[in-house]
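**Student:** Residue numbers (the working numbering), protein chains in the order written: chain S, 4 to 88; chain D, 4 to 88; chain R, 4 to 88; chain X, 4 to 88.
Note that identical chains are pooled: a pair holds if it fits in a single copy or bridges any two copies.
Cut-off 25 Å, straight-line C-alpha distance, at most; resulting in silico cross-link-like pairs (DMTMM-like, lysine to aspartate or glutamate):
(1) K8 with D50
(2) K8 with E42
(3) K8 with D29
(4) K8 with E22
(5) K8 with E23
None of these hints come from the bench; they were simulated from the model.
Protein chains: 4
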Amino acid sequence: MNRLKRIEGQVRGLQRMVEEDSYCVDVLTQVAAVQTALEQVAINVLDGHVRGCVADALSGEDEDDAQVKLDELMDAVRRFSRARP
Amino acid sequence: MNRLKRIEGQVRGLQRMVEEDSYCVDVLTQVAAVQTALEQVAINVLDGHVRGCVADALSGEDEDDAQVKLDELMDAVRRFSRARP
Amino acid sequence: MNRLKRIEGQVRGLQRMVEEDSYCVDVLTQVAAVQTALEQVAINVLDGHVRGCVADALSGEDEDDAQVKLDELMDAVRRFSRARP
Amino acid sequence: MNRLKRIEGQVRGLQRMVEEDSYCVDVLTQVAAVQTALEQVAINVLDGHVRGCVADALSGEDEDDAQVKLDELMDAVRRFSRARP
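The following block holds chain S by itself, in its conformation from the complex (with noise of 0.2 Å):
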């Protein structure tokens, strides 16, 4: 959450730099820290996400379950791997 909260900060700053008329390079930069951000937030929720609902489906009894959250998980790896779709 706090780190949510930081990169809207961000996301603002943006807008002034866009707002300001800043060097391109400037914002590219702060852009990509952005992403780098939002990146860290995304593993952060995917490995709450492996090691909660993903292992809890994977030692219980329902094999359906298990099946659908493996799925789910190989999709979201997918979405944010390098690996064009």
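Start from chain S and add chains D, R and X according to the hints.
**Tutor:** Coordinates of chains D, R and X only, in the frame set by chain S:
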């Protein structure tokens, strides 16, 4: 600028999702959407930079300035490439 | 395995292009094709790993082993994510 | 060229690993190494292209050629960016 306003809204949406304990996979889908939007911003800024500053510098007389602009450009491209630093 | 044979062929094609001094943009297009093919290999290996080793460990009795498998998995995901280390 | 020879060797190493049924995580580590090497090749080719063809076109008289070169460059950057198409 409109894009950045929309991205700010999306980040606030993410905060709400985390507050309301939304399903992890939905949070991940939303994070991926914000990343795609940010990358679009980056490409647009880079495009403007190449066709503006860089093109001017290269068609100008000042060889040192052209050199600086090309170095900066390649640094920015590297930062947005899939290459690890 | 077939995919890896094809990738080897593509890399040899790249060597030929460099030797024959092909147009840079064509070389870049070919490099991107090899990267996409490799990423597909990575996703397939990861998928097999999650549905095999990781699923087995999580549905088994050995809690330490399950933990190790989850840590390894998240390391691998991180490495293939767009996140910078 | 040396880099591409090394990448060919790495891809053959990957084939051996798959044949010998190596541990998935080790295969993934090796795939990531090949990707990093390829991305380095891409950055080098792009760098040569920008400082060569693109710089020449922009400092030349032919405005249409300069335009074509800039369009091609941005297409290539987009392809190697983390942005989804």
